[in-house]
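The primary structure of each chain is shown beneath.
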Amino acid sequence: MKIHEYQAKALMKEAGIPVPAGVMVTTPDEASAAASALVAETGNPVVVVKSQIHAGGRGKGRFVEYPELGGVSVVLEGIEGGVEATQAKVAKLASEMLGSTLVTVQTGPEGKMVNRLYIEQGIDIATELYLSVLLDRSTSRNIVMASTEGGTEIEVVAEETPEKILREEIDPAFGLTDFQAARISYALGLEGTAVRNGMKFLKDLTQAAVDLDADLIEINPLVVTTDGTVMALDGKMSFEENALFRHPNIVALRDPSEEDPAEAKAKEHGLSFIKLDGTIGCMVNGAGLAMATMDIIKYVGGEPANFLDVGGGADKDQIAAAFKIITSDPNVKGIFVNIFGGIMRCDTIAEGVVAAVHEVGLEVPLVVRLEGTNVELGKQIINESGLNVVSADDMKDGAVKIVELSQ
Amino acid sequence: MSVLVNRDTRVLVQGLGKTGRFHTDNAIAYGTNMVGAVHPSRFGETESFSGDTDHSGVQGRPDRYTAELPIFRSVAEAADATGANACVVYVPPPFAADAIMEAGEAGIPLIICITEGIPVADMVIAKRYLADRDVRLVGPNCPGVITPQQCKIGIMPGYIHTPGKIGVVSRSGTLTYEAVHQLTLNGLGQTTAIGIGGDPVNGTNFVDCLALFNDDPETEGVIMIGEIGGTAEEEAAEWIEANMTKPMAGFIAGTSAPPGKRMGHAGAIISGGKGTAEAKIEALEAAGVVVAPTPTDMGTAMFEAMRASAS
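First to last, the sequence lines map onto chains A and B. When we follow the numbering used here, the leftmost residue of the first sequence carries the number 785, and every step to the right adds one. When we follow the numbering used here, the leftmost residue of the second sequence carries the number 25, and every step to the right adds one.
Everything labelled a hint here was simulated from the structure, so no lab data went into it. Beta carbons are placed, not taken as given, at the ideal position from N, Cα and C, and that holds for glycine. It is possible that some hints are incorrect.
To be verified - Result set (DSSO-like, lysine-lysine): computed pairs, CA atoms no more than 27 Å apart in a straight line: (1) A:K1051 / B:K285; (2) A:K1082 / B:K298; (3) A:K786 / A:K987; (4) A:K1100 / B:K298; (5) A:K1059 / B:K285; (6) A:K1082 / A:K1049; (7) A:K1059 / A:K1180; (8) B:K285 / A:K1180; (9) B:K298 / A:K844.
As the list claims (entries may be wrong) - Sample of chain B residues lacking proximity to chain A, with all beta carbon distances greater than 10 Å (derived): (10) E69; (11) F73; (12) D76; (13) Q83; (14) D87; (15) T198; (16) L212; (17) A266; (18) A303.
Please model the complete structure; the sequences and the hints are all you need to start from.
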């Protein structure tokens, strides 16, 4: 689960990690008031207006409605013009950004609408660095990744100058040790008071990752200020879905406007669904088989409209819900149901499919491939239903048939 | 011969809730030697099982089975009393990692965890805990392990399996069933099928299983089924190149998966350009594995690999 930058910074602040002062706003008036309050509080005439969307690359991103305008704007007008000039500029930026569509390298060409802004104090930056805490799957441990190349995407650094990335593995029995925190701080070139500040930052951040069940915390850039403070100038956090049951405070940070409505609806029904751009709707049991079903549709020349795993124990209601979600996508020109019944019986699936079709109707071709437990009974139910359903012998046969029928 | 489990495997079940009970009953019907249960709130009771024998399992049994399973409050007590040498975990996600560690502490040599949805942080700790102990964890979030007609531990349908020559190892449950079913239909059969699970942190990996199959005299070939996310398949490819003496077929799910999206399994995600199906297929093919273009072709890919190695 992803959260916004301002939410991540609030969580960091709670964990004792230095972040700039800032206020989240949703209107130009709020933005203007927040800016003047920040200037009064910090004494710094510079403020930053940052679009809050669940995607990176905001600084380099541009608005569809204002092609010159980036997703992050530093407001310098107050240096000479005073707080009124700051307020006027912030209000203007806010009125342009709010409700507009920001396109970044991570949003895709359609972009994302900006509904929230974060107004933040300006910081006197001495150095920009990179820091992240994430799971390393090959060692089954969290690692710290650090680099002196702050502000650049870490994938780019990894590609072009991999020697500039430092990795430090954390033993879960001990956490990040002092000597490891020191080693990272030295490697980042910290000196003087910044070494101690950096070590504390690292220890607090790695502990926060464990305490919050974050699967990624990325600070890019991490900055050292002119007075040696080590601070998170940006902050990205995402959380492991399996651990959300023990973090109601994090669940409360969910922003439904950032989520695909169909995916959210599927989740309510206990279905694992991901919307894609193609025309063949898929309903499958098992994540691996669901992925392979998308693959095989593509392999035979079609394009999958979704990933959908109904799981090992779906009932008739879930099958019906799955059907509704698939058919509500106007791009869908055909549906492929691909089931290998293990614990789940083919007759149950067949009954669910027939009931769902009776309930929601069927305006596109439907191919059903059943295999496994009670397969004959399942096929019989489909054949005797009087519905216009095509049976498939195996997965490839089914994929070929649905791609042909949906053209 | 076979790997990990056979007719001498004595199995404890941890977690005798609805799911645990259902699959324990199926396992007993198949002929698995279930010897006890750990379920602290029901300490001292016994659980009764009876029903129609699953004749696709252990051969030569009567048509009906009955069994009484003693219920214990700890794995250590259960292991002492029953001489169990394997356990299967159906404990719900918030408590499953602790159940795994308890089994490790009791020295159960084979711990198979079926539970899906265990927090990754819990598994990081559990794996660290097991690292110093001479035990093996399979899973979590897996269908389990089966040696046809000898021992079935987990949630896979027993009847699709048949004893034979091929080892199967997979991150995906239903794709394992696809492979097994094809191997049953084409007559090759299976020595043992192992689900290693779809989570980012798991116990036994591909390399462990390939090494076991490589050393098993009855295994004549191996099907390995991977998917997007992580680098376990690439690591397996390196190992295969250096060590594998038997023909191998493979399949990788997720060639059409968009990056940055978790495809059902917690571990099935392409992140930062890493973990793509293309990279995995390329690595496996370079190591001499015949990679099936679709799951329907896994069985024929195995034949092809066996023919190529025979010539």
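Evaluated hints:
1. A hinted pair counts as satisfied when its Cα atoms are at most 27 Å apart, and K1051 of chain A with K285 of chain B qualifies at roughly 15 Å.
2. Under the criterion of a C-alpha separation no larger than 27 Å, the hint pairing K1082 of chain A with K298 of chain B is consistent with the structure, at around 21 Å.
3. Proposed proximity of K786 of chain A and K987 of chain A is supported: the alpha carbons are some 23 Å apart, at most 27 Å.
4. Between K1100 of chain A and K298 of chain B, the direct Cα distance comes to roughly 38 Å. Violation of the 27 Å bound is thereby established for this hinted pair.
5. Proximity of K1059 of chain A to K285 of chain B is assessed by CA-CA distance (about 10 Å); at most 27 Å being required, the pair is judged to hold.
6. A threshold of 27 Å between alpha carbons decides the hint, and for K1082 of chain A with K1049 of chain A the separation of about 26 Å falls inside it, so the pair holds.
7. The suggested pairing of K1059 of chain A with K1180 of chain A holds, with an alpha-carbon distance near 22 Å, which does not exceed 27 Å.
8. Proposed proximity of K285 of chain B and K1180 of chain A is supported: the alpha carbons are some 25 Å apart, at most 27 Å.
9. Taking the CA atoms of K298 of chain B and K844 of chain A, the gap is about 23 Å. The hint holds against a cut of 27 Å.
10. Distance check on E69 of chain B: its Cβ is at least 26 Å (rounded) from any Cβ of chain A, clearing the 10 Å threshold; non-interface status holds.
11. Every C-beta of chain A lies more than 10 Å from that of F73 of chain B, the closest at about 17 Å, which supports listing it as non-interface.
12. Every beta carbon of chain A lies more than 10 Å from that of D76 of chain B, the smallest distance being close to 15 Å; the non-interface claim holds.
13. Under the 10 Å C-beta cut-off, the non-interface status given to Q83 of chain B relative to chain A holds; the minimum distance is some 21 Å.
14. At roughly 20 Å, the least C-beta separation between D87 of chain B and chain A is larger than 10 Å, which holds for a residue marked as non-interface.
15. With a closest Cβ-Cβ approach of about 3 Å to chain A, T198 of chain B is found to fall inside the 10 Å limit, against its non-interface label.
16. L212 of chain B, annotated as away from the interface, keeps every beta carbon of chain A farther than 10 Å; the closest lies near 17 Å.
17. Listed as outside the interface, A266 of chain B is consistent with that label: its C-beta sits roughly 17 Å from the nearest C-beta of chain A, beyond the 10 Å cut-off.
18. Distance to chain A confirms A303 of chain B as a non-interface residue, since its nearest Cβ pair spans about 14 Å, more than 10 Å.
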